[in-house]
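Student: Chain by chain, the residues run as shown.
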Amino acid sequence: MGTPPPPDVLLDVRDLRTYFRVMDGTVPAVDGVSFQVHRGETLGVVGESGCGKSVTALTIMRLIETPPGEIVGGEVWFNGRDILTLSSDEMLQVRGAEMAMIFQEPMTSLNPVLTIGDQIAEAVVAHKKVGHKAAWDRAIEMLQLVGIPEAQRRVKQHPHELSGGMRQRVMIALALSCDPKLLIADEPTTALDVTIQAQILELIRRVQEETGTALLLITHDLGVVAETVQRVVVMYAGKVVETGTVDEVLQDPKHPYTEGLLASIPSQGLRGTRLNVIRGSIPNPFRMPVGCRFAPRCPYAFDPCRDHEPPLEGPGDGDRRVACWLHSRPPFGIEHRPRYGTSTATALAQRTAGVAS
Amino acid sequence: MAIYPDPTALSGGPATTAAGPTPADVAQADADVEVALESLGQWQLAWRRFRKHRMAMVGLGFFVFMVLVAIFGPIIVPYDPLNIPGSTIPGGMPPSLAHPFGTDNDGRDVFAMVVNGARISVAIGGISMLIAGIVGVGVGAIAGYFGGWVDNVLMRVVDTFFAIPLLFVILVAARFFGEGQVTSLILIFGLLSWPIIARLVRASFLSLRESDFVEAARAVGVKDARITFRHILPNAIGPVIVAMTLIMASNIVLEAFVSYLNFGISPDQTSWGNALANAQSALGLGNWWWAFFPGMAIAITVMAINFVGDGLRDALDPRTRL
Numbered sequence: 001m002g003t004p005p006p007p008d009v010l011l012d013v014r015d016l017r018t019y020f021r022v023m024d025g026t027v028p029a030v031d032g033v034s035f036q037v038h039r040g041e042t043l044g045v046v047g048e049s050g051c052g053k054s055v056t057a058l059t060i061m062r063l064i065e066t067p068p069g070e071i072v073g074g075e076v077w078f079n080g081r082d083i084l085t086l087s088s089d090e091m092l093q094v095r096g097a098e099m100a101m102i103f104q105e106p107m108t109s110l111n112p113v114l115t116i117g118d119q120i121a122e123a124v125v126a127h128k129k130v131g132h133k134a135a136w137d138r139a140i141e142m143l144q145l146v147g148i149p150e151a152q153r154r155v156k157q158h159p160h161e162l163s164g165g166m167r168q169r170v171m172i173a174l175a176l177s178c179d180p181k182l183l184i185a186d187e188p189t190t191a192l193d194v195t196i197q198a199q200i201l202e203l204i205r206r207v208q209e210e211t212g213t214a215l216l217l218i219t220h221d222l223g224v225v226a227e228t229v230q231r232v233v234v235m236y237a238g239k240v241v242e243t244g245t246v247d248e249v250l251q252d253p254k255h256p257y258t259e260g261l262l263a264s265i266p267s268q269g270l271r272g273t274r275l276n277v278i279r280g281s282i283p284n285p286f287r288m289p290v291g292c293r294f295a296p297r298c299p300y301a302f303d304p305c306r307d308h309e310p311p312l313e314g315p316g317d318g319d320r321r322v323a324c325w326l327h328s329r330p331p332f333g334i335e336h337r338p339r340y341g342t343s344t345a346t347a348l349a350q351r352t353a354g355v356a357s
Numbered sequence: 001m002a003i004y005p006d007p008t009a010l011s012g013g014p015a016t017t018a019a020g021p022t023p024a025d026v027a028q029a030d031a032d033v034e035v036a037l038e039s040l041g042q043w044q045l046a047w048r049r050f051r052k053h054r055m056a057m058v059g060l061g062f063f064v065f066m067v068l069v070a071i072f073g074p075i076i077v078p079y080d081p082l083n084i085p086g087s088t089i090p091g092g093m094p095p096s097l098a099h100p101f102g103t104d105n106d107g108r109d110v111f112a113m114v115v116n117g118a119r120i121s122v123a124i125g126g127i128s129m130l131i132a133g134i135v136g137v138g139v140g141a142i143a144g145y146f147g148g149w150v151d152n153v154l155m156r157v158v159d160t161f162f163a164i165p166l167l168f169v170i171l172v173a174a175r176f177f178g179e180g181q182v183t184s185l186i187l188i189f190g191l192l193s194w195p196i197i198a199r200l201v202r203a204s205f206l207s208l209r210e211s212d213f214v215e216a217a218r219a220v221g222v223k224d225a226r227i228t229f230r231h232i233l234p235n236a237i238g239p240v241i242v243a244m245t246l247i248m249a250s251n252i253v254l255e256a257f258v259s260y261l262n263f264g265i266s267p268d269q270t271s272w273g274n275a276l277a278n279a280q281s282a283l284g285l286g287n288w289w290w291a292f293f294p295g296m297a298i299a300i301t302v303m304a305i306n307f308v309g310d311g312l313r314d315a316l317d318p319r320t321r322l
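Chains as they are written, first to last, in the working numbering: chain Z, 1 to 357; chain C, 1 to 322.
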């Protein structure tokens with residue numbers, strides 16, 4: 001049992017582990033993830049598909065189905081309580097009221113047989129002590145907030161009468177209808193057209209500023225991260241590999257995985273050249289690599305990487321953290337001998353120089 | 001609760017300065033027309049799709065007609081199907097103006113038999129369908145909602161129903177508990193035809209439980225019971241309604257069959273099955289009208305109900321877009 005975080009920390013995830021026990025073995029989908037979200041802050045969680053971003057979000061919401069999923073360890077301090085210790089009845093009062101979620105698929109996340117007003121009002125009635133009429137008015141008010149024209153009319157419509165972008169606006173209205181302190185957005189723009197994506201991001205940013213809710217934005221799109229968030233958590237294969245402010249991480253990536261992600265963004269200036277990719281694919285979840293999970297794909301991997309898991313620690317001062325042997329003192333006196341590097345090599349040179357002196 | 005600034009200011013809402021019919025007003029008028037077209041619920045949409053299904057509409061028309069006949073027919077028809085007039089003609093009279101469907105050996109009016117039989121046949125089909133629907137939805141929803149051992153036990157019960165020869169059970173039950181009564185036959189048919197609905201409902205529940213909108217409802221803190229009945233059940237009900245129409249049709253046939261074998265409705269009541277059983281004794285005498293009209297009544301009614309079921313299947317399928 002840990003101690004509560006300081007009051008300005010809204011969400012404190014500590015060493016969270018969510019495993020899925022399936023027929024073929026155990027998948028450590030989230031394996032020792034830690035991060036914090038301050039009140040009113042925007043935190044981005046990035047990583048490629050299957051790295052545990054969504055499972056992290058669902059675990060925080062306590063929406064993991066057991067079985068097969070199981071939260072095997074860790075703490076999730078939210079608004080002064082460890083919500084992993086709450087009963088499912090208590091959790092009903094947290095979900096929707098204190099934390100809410102926007103999903104990836106607006107086309108299927110609304111019930112086709114209920115009007116959108118019914119669905120928003122339902123959430124309001126579940127958490128606020130108000131009658132149906134007040135809840136209905138609240139639904140209209142929320143639709144206006146998220147920029148849906150003719151909210152009075154739209155509120156009586158069914159989801160099939162709305163476009164994808166409109167439905168995502170409704171999802172945002174639904175999520176914000178009970179003034180949550182934390183909004184989790186799981187790839188909120190992935191299923192939308194590019195033009196709509198920008199509108200929805202702008203909307204999320206705007207309502208977040210207006211309502212003062214904290215935002216946990218999950219995405220694989222670094223462009224979205226750059227435009228929207230203040231701090232970034234980079235995940236790979238169920239672990240956090242790097243954290244920092246958005247400027248730090250995007251402009252000076254320390255972890256080779258982050259570097260690879262940034263390098264694989266197509267760029268206008270590099271027209272005609274080959275697109276950079278991170279070679280290989282994410283590891284088989286049933287057989288995670290023993291040492292650093294990125295080592296098999298890492299161009300800089302050297303001796304300690306394959307046998308020893310790097311700690312998530314600061315290469316310098318501030319909140320910057322990176323889990324990479326290039327930036328940590330190697331364990332057990334193993335010779336520190338990376339093969340080559342670019343920007344990372346600079347950091348390495350400094351560190352080895354420091355070790356030598 | 002209103003912690004937000006004026007929403008119209010936020011969304012850059014229409015300026016309300018100009019007087020008279022502005023383009024915004026015109027747009028609003030257009031929108032009102034659109035409302036009439038657009039704001040349709042699940043059932044209105046289904047009805048609109050159903051109406052386009054010609055055979056289903058014909059079937060529905062005939063079915064409604066049959067229900068009206070069942071309710072009002074016996075009051076209107078001047079003959080009592082059980083009243084045996086004194087004079088009898090061997091082989092009965094062929095169809096005539098006085099007796100449009102002819103008469104039987106004892107001089108009883110076949111038209112009156114068909115009309116009176118409609119009452120029992122429609123009642124048996126309809127009420128046993130409702131019983132099967134209620135029990136089936138209940139069992140299926142409980143199994144799908146609770147899962148685990150509850151699901152296991154209930155589904156093994158359902159499997160048992162599918163494993164035993166139902167016809168045999170129905171005949172035995174009709175003989176020992178039926179006592180020729182309409183209500184007992186309704187109960188027997190209803191309580192034996194729910195398993196297929198239970199299976200349908202459970203299957204829908206299992207897939208809908210994993211659907212995005214159920215997860216989204218959970219994420220805003222909607223209680224499990226409410227999710228089950230307000231979010232999952234209405235989405236699962238389409239296939240159930242289709243299956244119920246088929247059960248109604250097959251139970252009408254079943255009644256005729258069981259009564260024909262003299263296991264069903266007692267001979268002192270009129271049902272289509274009894275009329276057929278009655279006709280059996282005299283087939284081959286050239287008096288085709290004894291069997292033809294009750295048989296046609298069964299066949300057309302069942303076909304009409306099946307057409308309705310067909311139309312409903314298309315109309316209620318959420319994948320069909322208008």
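For the record, the hints were derived by calculation from the structure and aren't laboratory data.
We put the CB at the ideal spot given by N, CA and C, even for glycine.
Careful, some of the hints might be misleading.
[To be verified] Listed next, the in silico DSBU-like pairs over lysine-lysine satisfying Cα-Cα at most 30 Å (straight line):
#1 C:Lys223 / Z:Lys156
#2 Z:Lys128 / Z:Lys156
#3 Z:Lys181 / Z:Lys128
#4 Z:Lys156 / C:Lys52
#5 Z:Lys181 / Z:Lys156
#6 C:Lys52 / Z:Lys129
#7 Z:Lys181 / Z:Lys129
#8 C:Lys223 / Z:Lys128
#9 C:Lys52 / Z:Lys133
[Unchecked claim] Here are a few chain C residues that face chain Z, going by a calculated C-beta distance under 10 Å:
#10 Arg226
#11 Arg230
#12 Asn235
Student: Could you tell me which of the numbered hints above are not met by this structure, giving the numbers in increasing order?
Tutor: 6 and 9
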